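Asks: This is what each chain is made of:
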Amino acid sequence: MKKLITVLSILAILYLIPLIFGSDLMAQNLVSETSEETGGLFEGLRHFWDYTGFSNVSFGNLIMIAIGLIFIFLAIRLHYEPLLLIPIGTGILLGNIPFSPGAGVGIYESGSVLNYLYFGVTQGIYPPLIFLGIGAMTDFSSLISNPRLMLLGAAAQIGIFGTFIGAVALGFEIHEAGAISIIGGADGPTAIFASAKLAPQLIGSIAIAAYSYMALVPVIQPPIMKLLITKKERLIRMKPPRAVSKTEKILFPIIGLLITTFISPSAIPLLGMLFFGNILKESGVTERLADTARTKMIDIVTILLGVTVGASTQASVFLTSSSIKIFALGAVSFIIATAGGLIFAKIMNLFMSPGNKINPLIGAAGVSAVPDSARVVQQEGIKSDPSNHLLMHAMAPNVSGVIGSAVAAGIMISFLM
Amino acid sequence: MEENSMSFIDWSEIWIITGVGYMVVFLALLLLMFLFQSMPKVLNLGLSSKIKEVRAKAAARKNGETKQEKYISGEVSAAIGLAITLYYKEQHDEESGIITIKRVARTYSPWSSKIYGVNNNPR
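The listed protein sequences correspond, in order, to chains A and B. Letter by letter, the first sequence follows residues 1 to 417 of this note's numbering. Letter by letter, the second sequence follows residues 1 to 123 of this note's numbering.
Derived from the structure by calculation, the hints contain no laboratory data. Quick caveat, the model's predicted, so the values are computed rather than measured. Check the hints yourself; a few may be wrong.
[To be verified] In silico DSS-like pairs for lysine-lysine, Cα to Cα no more than 27 Å straight-line:
{"#": "1", "chain 1": "A", "residue 1": "Lys239", "chain 2": "A", "residue 2": "Lys325"}
{"#": "2", "chain 1": "A", "residue 1": "Lys232", "chain 2": "A", "residue 2": "Lys325"}
{"#": "3", "chain 1": "A", "residue 1": "Lys246", "chain 2": "B", "residue 2": "Lys89"}
{"#": "4", "chain 1": "B", "residue 1": "Lys50", "chain 2": "A", "residue 2": "Lys249"}
{"#": "5", "chain 1": "B", "residue 1": "Lys41", "chain 2": "A", "residue 2": "Lys249"}
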């Protein structure tokens, strides 16, 4: 109602200006020289109307605005990844406000502010900066204390490679299939980074799919856990993780950086920044830098990334059959990744002595949605046994999933570029 | 997206990328796993050699190879005791140890006299 009154007021002011001051005041040649005063008025109003969002609105815009509002609702009401869904949801609204083409405001119009901010997405600048912040806030202690749990992070990457086959089978071109497959890693920045390199035209759809499913981890994963893990297995108690020395904590990012980037150099921007952030944290002498990376810097980049990725979903670009297929593939890849981690955990248990068995629920945390999937594991664990806390154990496959998905993205890029 | 590209897909290439890619991810994390499983042993190598040295000395002492025990003379003990005492004394400020109340004598002045105060009852 308030908006309506505002619009009507603007229209009334515009109507009164030529009446009071004469039609010469109307800029932008709204009135032709030969036209009468009232004709100029109507012509001006019509022209103004052509510039408004009401005139340019399409059904697609309305659908996307509804999707943006749903994102904001999910974030505020259900607390599904609010730090991501609020910027993305608002970005979707921004990107789908209809405007007259050529106005220089759209994200795909060169020279517009949003286009400049979007540069960080298309050139893959934001994801490594996000990884720097993640590295500076991640504690790898649980992983170092129980290194065998790294394999769960590797096993869950079957989501990436399964999606790759699925995308090719659905008719996507091989580079596009490679970019889409990274959704299976459940890692938004990695998916954006890979699609910026392999299929820039699909960044919007891929990013939205990846972040949507990351936000829906608490909805997607529990049914798969219930389906694949028996009640008895859910009750398994794991040994508490051993204390990790400071030396080990410092050595982990250095060795991890060297090994993973030697194997997958295409992932240097991601893995390099991840481990660099962790070195800042663990070295103990760069606390100020680590603090900036894990707080202010990651917040700024998250805002820019979220808004621009959201704004990139202009209905004309986003509402295509490809996007629908990408969303379908994303859902399947998440299910495959979760199931892959769970099944691998069960297989690992077959080879372990009774005292060393792992709770297979933590396999679901192999998808790299940090720390949401670990939190889901914890919640599912305490449903079966309120005193069995799995969060610390689940963080190990969770962070190894981040490393695994970045390595997988690097491999995809090096194979396909 | 190339809708008609299905016929041109080289599926063997797809399977190779999938298989090799997945194996390489496993390989990277396996390497890290093995390294960090052996890391505590490697880090404790130096420490364990020191422990061995100490144990060897203790065993040798038990066997009576080094019977000379080290004694600390009384003078040295006194010097150490004095040093410790001085150290702890220095942790506090030196105080005079004299506790007195100083009388402050004020000379009479009508300005401070209670007799001439404005609040005095005239009765």
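Asks: Confirm or reject each hint.
Replies: Do the hints match the structure? See the list:
no.	hint	in the structure
1	A/Lys239 x A/Lys325	violated, 43 Å
2	A/Lys232 x A/Lys325	violated, 38 Å
3	A/Lys246 x B/Lys89	violated, 37 Å
4	B/Lys50 x A/Lys249	holds, 23 Å
5	B/Lys41 x A/Lys249	holds, 15 Å
Hint compliance for this structure: hints 1, 2, 3 are broken, all remaining hints hold.
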